[in-house]
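With the sequences and hints as input, model every part of the structure.
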Amino acid sequence: MILDVTGLGAFAEEKKATLSALDIACGAGRHAVELAEQGFSVTANDLSPFLLNETASLAETHHVDVRLSQCDMREIGFKEEFDLVVQLFTSFGYFQDHEDEQRVITNVYRALKTGGWYVLDFFNSNHVRKSLNPFSVREIEGMSVVEERRIQCGRVEKVIALNENGRVSEFKESVRLYSYEELELMVAEAGFQIYKVLGNYDADRFDPLTSPRVIIIARK
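Per our numbering: the sequence shown = residues 1 to 220.
Read the hints as simulated data drawn from the structure, not as lab findings. Heads up, a few of these hints could be off.
Unchecked claim - DSSO-like, lysine-lysine: derived pairs with alpha carbons at most 27 Å apart:
1. Lys79 with Lys196
2. Lys79 with Lys130
3. Lys158 with Lys130
Next comes the structure, spelled out in structure tokens:
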């Protein structure tokens with residue numbers, strides 16, 4: 001979807017060029033590896049050494065090269081290095097201070113080459129307020145995963161309890177409920193031109209009332 005909307009895939013094929021991409025908060029590396037398989041020179045960023053190790057293992061399994069970058073996204077220091085930067089699946093909004101979130105987008109702008117693309121994928125706060133499931137239980141490879149969610153002080157607060165053979169681990173997650181208008185303003189304030197806003201992973205146009213996602217595609 002990203003390559004189709006931005007035209008980067010066709011451009012790379014036509015010019016036989018190797019384009020560069022940065023995946024911020026890459027997690028276990030699925031999207032970084034997919035971009036590498038599409039021919040991009042990929043840098044995968046995450047704060048977690050464990051997740052970067054998972055990314056490296058996945059890249060090795062798929063026989064692609066992915067460069068690893070371990071740092072807080074607020075400290076990303078690349079300058080005019082990438083044709084594409086992606087922040088996918090709500091890898092944004094975790095900090096308490098709004099200025100830190102703006103700093104991340106400014107870092108992205110600086111990291112991109114002139115004409116480079118930025119894809120920011122976030123939940124639609126209107127949709128979350130209407131459809132938030134306060135409690136869920138699921139099984140993953142014999143492990144029980146219990147998630148409790150609530151909206152408090154303008155944030156989605158989530159508690160995740162993992163139970164594996166009686167051993168319980170608990171994690172907390174907090175994400176600011178940014179509205180579409182706030183996200184659009186932050187991206188524009190960093191210097192970007194907003195090209196398109198999508199509302200889901202089928203690339204449908206964003207609807208502020210019904211779309212589950214806010215996928216902002218912007219250009220430097």
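Margin query: Check whether the Cα positions of Lys79 and Lys130 lie no farther apart than 27 Å.
Written below: Violated - the C-alpha atoms of Lys130 and Lys79 are around 40 Å apart, more than 27 Å.
Note to self: What's the verdict on Lys79 and Lys196, does the C-alpha distance respect the 27 Å limit or exceed it?
What the structure shows: Given pair Lys79, Lys196 holds - Cα atoms ~24 Å apart, limit 27 Å.
Notebook entry, point to check: Would the pair Lys158 and Lys130 pass a check requiring their Cα atoms to be no farther apart than 27 Å?
Noted result: Holds, at roughly 16 Å.
When the structure is compared with the earlier hints, a violation turns up for hint 2 alone.
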